[in-house]
Amino acid sequence: MDINMTLIGQTIAMIVFVWFCMKFIWPPILSALEERQQQIEEGLAAADKSQEKLVEAQAHADEIVNEARQQATGILDQAHARANEIVADGKDAGVKERERQLAAAKAEIEQEANKAREELRGQVSAIAIASAEKILKREIDDKAHDDILGKLAQEI
Amino acid sequence: MAAEGGHGPQTSGDYISHHLQNLQVCKDETGQWVWNACAGNPMAINVDSMFWSVLLGLVFCFMFWRVARKSSVGKPTKFQAAVEIIVEFVDSSVKDTFHGTSRLIAPLGLTIFVWVFLMNLMDLVPVDWIPMASAAVGIPYMKVVPSTDVNITFGMSIAVFFLIIFYTIKNKGITGFIGELTLHPIAPPTKGFGLIASPFIILFNFILESVALLAKPVSLSLRLFGNMFAGELIFILIALLGLWQLPLHFGWAVFHVLIVTLQAFIFMMLTIVYLSLASESH
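One line per chain: the protein sequences are A and B, in this order.
Residues in the first sequence are numbered from 1 upward in steps of one, following the working numbering.
Residues in the second sequence are numbered from 1 upward in steps of one, following the working numbering.
To be clear, the hints were calculated from the coordinates, so they are not data collected in a lab.
It is possible that some hints are incorrect.
[Said to hold, decoys possible] Pairs of lysine to any residue residues, derived as SDA-like cross-links and limited to a Cα-Cα distance of at most 20 Å, are as follows:
{"hint": "1", "chain 1": "A", "residue 1": "Lys-23", "chain 2": "B", "residue 2": "Asp-91"}
{"hint": "2", "chain 1": "A", "residue 1": "Lys-23", "chain 2": "B", "residue 2": "Ser-72"}
{"hint": "3", "chain 1": "B", "residue 1": "Lys-75", "chain 2": "A", "residue 2": "Pro-28"}
{"hint": "4", "chain 1": "B", "residue 1": "Lys-75", "chain 2": "A", "residue 2": "Glu-41"}
{"hint": "5", "chain 1": "A", "residue 1": "Lys-23", "chain 2": "B", "residue 2": "Glu-88"}
{"hint": "6", "chain 1": "B", "residue 1": "Lys-78", "chain 2": "A", "residue 2": "Ile-8"}
{"hint": "7", "chain 1": "B", "residue 1": "Lys-75", "chain 2": "A", "residue 2": "Glu-34"}
{"hint": "8", "chain 1": "B", "residue 1": "Lys-27", "chain 2": "B", "residue 2": "Gly-13"}
{"hint": "9", "chain 1": "B", "residue 1": "Lys-27", "chain 2": "A", "residue 2": "Ile-8"}
{"hint": "10", "chain 1": "B", "residue 1": "Lys-95", "chain 2": "A", "residue 2": "Glu-34"}
{"hint": "11", "chain 1": "A", "residue 1": "Lys-23", "chain 2": "B", "residue 2": "Leu-58"}
{"hint": "12", "chain 1": "B", "residue 1": "Lys-216", "chain 2": "A", "residue 2": "Ile-8"}
{"hint": "13", "chain 1": "A", "residue 1": "Lys-23", "chain 2": "B", "residue 2": "Glu-84"}
{"hint": "14", "chain 1": "B", "residue 1": "Lys-75", "chain 2": "A", "residue 2": "Gly-43"}
{"hint": "15", "chain 1": "A", "residue 1": "Lys-23", "chain 2": "B", "residue 2": "Ser-102"}
{"hint": "16", "chain 1": "B", "residue 1": "Lys-75", "chain 2": "A", "residue 2": "Leu-33"}
{"hint": "17", "chain 1": "B", "residue 1": "Lys-95", "chain 2": "A", "residue 2": "Ile-8"}
{"hint": "18", "chain 1": "B", "residue 1": "Lys-70", "chain 2": "A", "residue 2": "Gly-43"}
{"hint": "19", "chain 1": "B", "residue 1": "Lys-170", "chain 2": "B", "residue 2": "Glu-280"}
Here the structure is a predicted model, which means the values were calculated and not measured.
Input sequences plus hints: build the corresponding full structure.
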């Protein structure tokens with residue numbers, strides 16, 4: 001239990017070990033620790049940021065979907081309107097066509113009737129002339145009374 | 001003396017004193033190197049204490065150095081994680097107490113903590129194993145717990161003592177150091193009639209403060225030494241009991257694990273506190 005040179009030996013040993021620790025042990029371990037702390041901090045910050053970005057992107061996507069939905073509704077409405085229009089147009093055209101055909105048919109009928117009337121008039125005038133010829137065989141000159149007969153035919 | 005180391009001395013007194021005897025070497029008057037005949041010789045060296053102390057210091061350096069060399073940021077091994085826990089523990093202790101910047105204090109604290117812990121831990125090796133094994137190869141004495149040697153604990157606390165003085169002078173200057181020794185706790189009068197009393201007050205302060213200063217390393221080393229020596233002594237006493245030693249030894253070992261860790265922590269913590277006191281002005 002006496003104090004002896006061991007004391008000096010231990011002091012020297014301690015100085016050497018502390019120096020070694022200060023030089024080769026402490027700095028690398030602590031720098032690794034600090035670096036890791038920083039990485040964790042950065043990682044957490046990045047996670048927060050990406051969370052924010054996700055929310056943002058979600059909102060953006062919702063916006064796009066809404067817009068698309070509105071556009072689709074618009075297109076649908078337009079299509080409906082167009083279809084109605086086409087149907088109405090078709091109806092109009094049908095009515096017009098019918099009217100046109102009706103008119104044409106009427107006109108034709110009229111024409112035919114006129115023609116028939118004309119013919120009939122011609123025939124009646126011819127019969128009248130023939131009967132008049134037969135009655136007035138000799139006195140009436142065809143040529144002299146032709147215009148009178150024409151006027152007569154017109155009046156019938 | 002060497003021959004009877006074999007299977008344990010006869011009486012319990014012999015057994016105990018054999019266990020408490022260091023393996024010493026020194027030069028005698030004729031200049032010869034002699035073993036174990038050095039009682040009272042201040043030039044003797046306790047070979048066993050030095051051997052175990054340096055060996056454990058090397059164990060500490062090697063373990064931590066390996067981790068430090070290969071330390072990876074992304075994927076630490078389990079051992080690295082364990083070492084980092086210790087390092088962070090020391091680092092936070094230092095940061096809590098010491099508010100300056102120093103490249104020395106934290107590594108100093110780490111070295112002291114782990115080294116003292118390892119030296120104390122040798123106390124848990126059953127008291128007869130290493131002495132008997134060394135007796136079998138012809139080494140008569142082997143005290144395996146370096147911190148039960150007062151030289152070892154004083155060696156460390158004296159290094160701390162010089163660091164205290166160094167830090168005081170570095171941060172407060174020579175005058176600050178002398179002022180701290182002489183102008184506290186009673187401020188000497190600087191004018192008037194009281195000037196006559198000043199030398200006595202300064203002398204009084206000086207005696208008081210030097211005792212306080214010297215008490216720091218003494219208490220630091222004696223605390224560790226006393227705890228470990230008493231623990232070792234109780235292990236030796238328990239070892240004398242024959243079969244009853246088994247439960248007792250277990251109980252005391254469990255308790256001693258606490259002391260081992262606590263003393264290492266206290267030694268580190270007080271070192272940090274002393275050094276931070278030395279570098280801060282009141």
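Quick rundown of the hints versus the structure:
1. A:Lys-23 x B:Asp-91: 16 Å, holds
2. A:Lys-23 x B:Ser-72: 18 Å, holds
3. B:Lys-75 x A:Pro-28: Answer holds: Lys-75 of chain B to Pro-28 of chain A is near 15 Å, not above 20 Å.
4. B:Lys-75 x A:Glu-41: At roughly 16 Å apart (the allowed maximum being 20 Å), Glu-41 of chain A and Lys-75 of chain B satisfy the hint.
5. A:Lys-23 x B:Glu-88: Roughly 17 Å separates the two Cα atoms, so the pair holds.
6. B:Lys-78 x A:Ile-8: 37 Å, violated
7. B:Lys-75 x A:Glu-34: Holds - the C-alpha atoms of Glu-34 of chain A and Lys-75 of chain B are around 14 Å apart, at most 20 Å.
8. B:Lys-27 x B:Gly-13: 29 Å, violated
9. B:Lys-27 x A:Ile-8: Between Lys-27 of chain B and Ile-8 of chain A the Cα gap is close to 17 Å, so the pair holds against 20 Å.
10. B:Lys-95 x A:Glu-34: 14 Å, holds
11. A:Lys-23 x B:Leu-58: 15 Å, holds
12. B:Lys-216 x A:Ile-8: Measuring from Cα to Cα gives roughly 18 Å; hence the hint holds.
13. A:Lys-23 x B:Glu-84: It holds: about 17 Å lies between the C-alpha atoms, which stays within 20 Å.
14. B:Lys-75 x A:Gly-43: This hinted pair holds, its Cα atoms lying about 15 Å apart.
15. A:Lys-23 x B:Ser-102: Within the cut-off at roughly 13 Å; holds.
16. B:Lys-75 x A:Leu-33: 12 Å, holds
17. B:Lys-95 x A:Ile-8: 30 Å, violated
18. B:Lys-70 x A:Gly-43: Roughly 23 Å separates the two Cα atoms, so the pair is violated.
19. B:Lys-170 x B:Glu-280: 11 Å, holds
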